[in-house]
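Novice: One letter stands for each residue in the lines below.
There are 4 protein chains.
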Amino acid sequence: MKRPQVTVIGSHEESRFMVEAYEIGRHIARRNWILVCGGRGGIMEAASRGASDEGGIVVGILPGVDFNDANPYLTAAIASGIGFARNSMNVLSGDVVVAIGGRTGTMSELSYAFQYGRPMIICSFADGWSAGFADLALREDDRSLIHMAATPIEAMDTLDALLGGETARS
Amino acid sequence: MKRPQVTVIGSHEESRFMVEAYEIGRHIARRNWILVCGGRGGIMEAASRGASDEGGIVVGILPGVDFNDANPYLTAAIASGIGFARNSMNVLSGDVVVAIGGRTGTMSELSYAFQYGRPMIICSFADGWSAGFADLALREDDRSLIHMAATPIEAMDTLDALLGGETARS
Amino acid sequence: MKRPQVTVIGSHEESRFMVEAYEIGRHIARRNWILVCGGRGGIMEAASRGASDEGGIVVGILPGVDFNDANPYLTAAIASGIGFARNSMNVLSGDVVVAIGGRTGTMSELSYAFQYGRPMIICSFADGWSAGFADLALREDDRSLIHMAATPIEAMDTLDALLGGETARS
Amino acid sequence: MKRPQVTVIGSHEESRFMVEAYEIGRHIARRNWILVCGGRGGIMEAASRGASDEGGIVVGILPGVDFNDANPYLTAAIASGIGFARNSMNVLSGDVVVAIGGRTGTMSELSYAFQYGRPMIICSFADGWSAGFADLALREDDRSLIHMAATPIEAMDTLDALLGGETARS
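Residue numbers (this note's numbering), protein chains in the order written: chain A, -17 to 152; chain B, -17 to 152; chain C, -17 to 152; chain D, -17 to 152.
Any given hint could be a false lead.
Identical copies carry no separate label here, and so any pair may be met within one copy or between two of them.
Below 16 angstroms or equal to it, Euclidean Cα-Cα: the simulated EDC-like pairs (lysine to aspartate or glutamate) are [claimed, not checked]: (1) Lys(-16) to Asp139; (2) Lys(-16) to Asp109; (3) Lys(-16) to Asp77; (4) Lys(-16) to Asp48.
Derived from the structure by calculation, the hints contain no laboratory data.
Just chain A, same shape as in the assembly (with noise of 0.2 angstroms):
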């Protein structure tokens, strides 16, 4: 039986939340989740350092084709070769969609992840784009993928709710 996979996106970039991202990542490897990400630095980099600390499985779906550009935390990586047309694949291959801030790379993906109907929870204490994008999502009638978080302990526990259910081990 596959194992929930949770798609964490942000910026390629060092940022201010970077701490958050570390714990969110280590809250998904304690679950026993898979951590799916774009496999490069920032708040990826980050995610996925904090599921590697925890023994966790990270899988980072490279824009390019060269393993090089991977984060060092990374399990697998998947060389896409296909440019931010990725981005698609990064949120499909996510039962739930994490967002911490980000920009222009993040709003591409959590279109998608509307447009494909992925859940997402939106970390509206990040800045960047993502809480945005909630705002003009929200306005839609289907609300029913979007869920906000104001703090990472929220954002852990809308996880564990949508998530939990089914494999939790705590």
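For chain A, the structure is supplied; the task is to place chains B, C and D on it using the hints.
Specialist: Structure of chains B, C and D alone, referenced to chain A:
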């Protein structure tokens, strides 16, 4: 010498801005530019019909594998077979991108346009998410890619300003 | 009504079969069909030039993001940005696929044509891997997709037989 | 440090070479390498089960958007959503590619492996198209990417020779 290509994006559903999309499509064809779009209905079809009525060339990039998904005004259809990951190439294939309303699909396309450095004309007269995208993007330092158009005429004038020097015939 | 589209595949390098590719491109344009190709040099460019010299429409689907990679005879260029994964959509975008020589790229395209059920005309007069593909594929039960052409004229006649009933003008 | 990744390709249908695929999957896991595959049944499933039985990590890259298409032995599933265009990333994501039989899908994957410069081990003991691909490819000057294996043991030995120096534990 390749002619300029203009990508028009917006909802695949009927909207209140079909006439505006039609007029922008006509303008593109009258300038002898190529119209690129996602190949489906709604705004895409209205713009395609406009360009087609002027004898212009329209290329539609479909998400699926079936030519029957194409609107009837395409000169050529690309059956991408890669789902909404094709949104990336919709904007990559335009020298300029014009956004008329739209929701999640348009949002991912504007994100890609920003990420890949394609200039965008965002029609603020239309509803949908495009204007919300502009609000977010205009907070960034690099605003040079984003042009707001308060009317269809303003959108056409901006197209002329961006592309006209190259090939406009009048 | 969408016009028939013919995808021509083959090496992006110069080969001994440029004249044959040129003549097949001309034939496609004279029949008022759309020529689709990978947009680059070699066989693709020769076929594009043939169609262009007859005033036909040529759409090239480039692997990268840069219009400068296009050969000069395209009417419109798709900047796919997904690398050689675009080979899949080259053949999906043809009602019929014509293979003239070629190596690995052509081989993946013929594989996709078989997998997606697009009829293929394989020019056995050209060198390269296409004929070897045919040898393998013809061992299969479903041979209906594969048509061998021993001469350029035979390739054109087969195109007429497959598409002519629909739109050929003469 | 990323562990070596081995992509196993072959038919998604039952074949006479399931035991061999299973043994190669086991070998990959015993060496502590990651198994990458297309995520579906047949040869992919047999190799996945082998790796899984040894406690190894298996990543499957599905063509579609639905995790239910995955075989039950995957550790993680990538829902690519791009159809068979995902064949490109199957081989890009392997440091080495092992081909066991297969038909058109495998053929496109071997073509990509050649095109992107990934070393291939082609199991000549299995039927299908792989051996035919090798016949074609070995005519080329650059034969360094292609390794023939006449038995499963020979395939494993070649994997050890290509990857063993890096991380094999015994």
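Novice: When Cα atoms must be at most 16 angstroms apart, do Lys(-16) and Asp77 count as within-copy, between-copy, both, or neither?
Specialist: within (11 angstroms within a copy, 25 angstroms between copies)
Novice: Within a copy, between copies, both or neither: which one fits Lys(-16) and Asp48 at a CA-CA cutoff of 16 angstroms?
Specialist: between (28 angstroms within a copy, 12 angstroms between copies)
Novice: How do Lys(-16) and Asp139 come out at 16 angstroms by Cα distance, when the copy is not named: within, between, both, or neither?
Specialist: neither (21 angstroms within a copy, 31 angstroms between copies)
Novice: With 16 angstroms as the alpha-carbon cut-off, assign the pair Lys(-16) and Asp109 to within, between, both or neither.
Specialist: So Lys(-16) and Asp109 fail the 16 angstroms test inside a copy (33 angstroms) and across (31 angstroms) alike.
Hint check: violations occur at hints 1, 2; the rest are consistent with the structure.
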